[in-house]
Amino acid sequence: MSPDEVVTRLRSGMTIGIGGWGSRRKPMALVRALLRSDVTDLTVVSYGGPDVGMLAAAGRIRRLIAAFVTLDSIPLEPHFRAAREQGTFELTEVDEAMFMWGLHAAANRLPFLPVRAGIGSDVMRVNPDLRTVTSPYEDGETFVAMPALRLDAALVHVNRADRAGNGQYLGPDPYFDDLFCEAADAAYVSCERIVDPADGFGKDVVPQSLLVKRHAVTGVVEAPNGAHFTSCAPDHDRDEAFQKLYATTPWPDFAARFLPRDGDEEQYWSAVQAWHEEQK
Amino acid sequence: MTTSAAVVSRAEYCVIACAEAWRDNGEVLASPMGLIPSVGARLAKRTFSPELMLTDGEAMLVGLDGSPEGWLPYRQHLAMVTGGDRHVMMGASQLDRFGNQNISCIGDWSRPDRQLLGVRGAPVNTVNNPVSYWVPKHSRRVFVEKVDMISGVGYDSAAAAGPSATRYHRLPRVVTNLAVLDFATPDHSMRLASVHPGVTVEEVREATGFALALPDGGEVPFTREPTAAELRLIREVIDPKGTREREVRPV
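In the order they appear, the protein sequences are chains A and B. Letter by letter, the first sequence follows residues 0 to 279 in numbering that gives the first Met the number 0. Letter by letter, the second sequence follows residues 0 to 250 in numbering that gives the first Met the number 0.
Keep in mind that the hints were calculated from the coordinates and are not lab data. Quick reminder that beta carbons are idealized off the backbone N, C-alpha and C, glycines included. Some hints could be false.
[To be verified] For lysine-lysine, the following DSBU-like pairs were computed, each having C-alpha atoms within a straight-line distance of at most 35 Å: (1) B:LYS44 with B:LYS240; (2) B:LYS240 with A:LYS243; (3) A:LYS243 with A:LYS279; (4) A:LYS202 with A:LYS212; (5) A:LYS279 with B:LYS240; (6) B:LYS136 with B:LYS44; (7) B:LYS240 with B:LYS136; (8) A:LYS243 with B:LYS136.
[Stated by the list, open to error] Covered stretches of chain B, going by a simulated chain A footprint (3 or more residues, C-beta under 8 Å): (9) 73-86; (10) 108-119; (11) 161-171.
[As the list claims (entries may be wrong)] Covered stretches of chain B (chain A as the covering partner; in silico rule of three or more C-beta atoms under 8 Å from a C-beta of chain A): (12) 54-64; (13) 123-137; (14) 141-152.
Put together the whole structure using the sequences plus the hints.
Shown next, in the form of structure tokens:
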């Protein structure tokens, strides 16, 4: 599939989970395709980075479910900040572990999972729908009942994948990408490179690097540099210079140059390279 | 080299004060956020707390030389948080009298004046494993009467939330560029435990937006002196480039 084909399967109003973490291994090619489409009114579920910032800046988010939004080397995501300060979307702000257990619950077809997190904090105040549950055993403890974060679609980016939907990560951290896929009705995996069917992942494959399983994947997209400008170790580091440009450029200007509606990944990549040339 | 207060920098007292947070912690993960806590954690591991575990800030557990000794991706990190085998020293945009911490936003949450990071893992950390705080600029902007969004849970909020919140809740200390604070009072309100040499009690009170408790007897001790060996480790081994002096300026 191409990034744009993936987006034809997405509809306005959907709940979309986006893999990666902060400004690391984000499925940016898929996010860029989303930005070129008319899909809007989304509930976005993300350990947020520039995916959230861009979709927020473009006015595509109705509700965000997140524990944070950051660009890592730039701690505060400027477009997310602006959108929050202007009140342009609703926020479900939960803790990192609550978020993880919400995905686990969805992946296990449970309505919720109990978690010792959130109690005592203002996460409970700003999410009045959150309920607690009392242990039925002797301890009798009370926990937050973190509701399942069931997704209409998940978007993740990995280093390698085969056409069947098995995905391999080669970096240090799986993040929660397999969980996003398992928590979703449809999951789309973009990758730096699709492996040759004859070779598969190769004879010297490290089996625990095979993160995403094909039964949980709907479509595979070959998208070299598909995480740009976030990191995709070991294929490429974060493009810090370009990230800085993104963070300091008014969104309409950035979008006009790098994400025109009639563009595609190829156009994006040549615009990025042209910009880098100008900096030399 | 002597170890008199005249030659020890403020940043070095801060390092010592941070390192002390991990004394007698045993085999737990020290998660320092910020440069000086990071130097402090490594000093503690090199001296009085050799069993501490450190990370590279990404997915690896590392030894003192930075070489990997284990794998700790985010999801296992979160399990370690809930397992309690961790003592994190977090930052704080706001911190109140009972140790409630805010890193989420400034102003009304529904329409913040300034959006910050979000609550991150502060809620899960504070009710599961010991959490200390590092504040490089002690001021009334940080030390407020009431935080705008409770991210890290303070003693009063944990007590109000009940036994599941208090069971593993512990805030050992707050280290700032001026002082060490703790919650060793009957009602767990913040107490001025020590001032760094060169700082007066009045200075700390002036920079704090609520009334601080004082140690029994009212005498506030000075933060302890580093030993000659500790100073050598800080200056020659752990932070030879002196990055600590940029996080807390010399006075």
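Here is what the structure says about each hint:
| no. | hint | result |
| --- | --- | --- |
| 1 | B:LYS44 with B:LYS240 | holds, 20 Å |
| 2 | B:LYS240 with A:LYS243 | holds, 26 Å |
| 3 | A:LYS243 with A:LYS279 | holds, 16 Å |
| 4 | A:LYS202 with A:LYS212 | holds, 18 Å |
| 5 | A:LYS279 with B:LYS240 | holds, 30 Å |
| 6 | B:LYS136 with B:LYS44 | holds, 26 Å |
| 7 | B:LYS240 with B:LYS136 | holds, 22 Å |
| 8 | A:LYS243 with B:LYS136 | holds, 26 Å |
| 9 | 73-86 | holds (count 5) |
| 10 | 108-119 | holds (count 12) |
| 11 | 161-171 | holds (count 7) |
| 12 | 54-64 | holds (count 3) |
| 13 | 123-137 | holds (count 4) |
| 14 | 141-152 | holds (count 5) |
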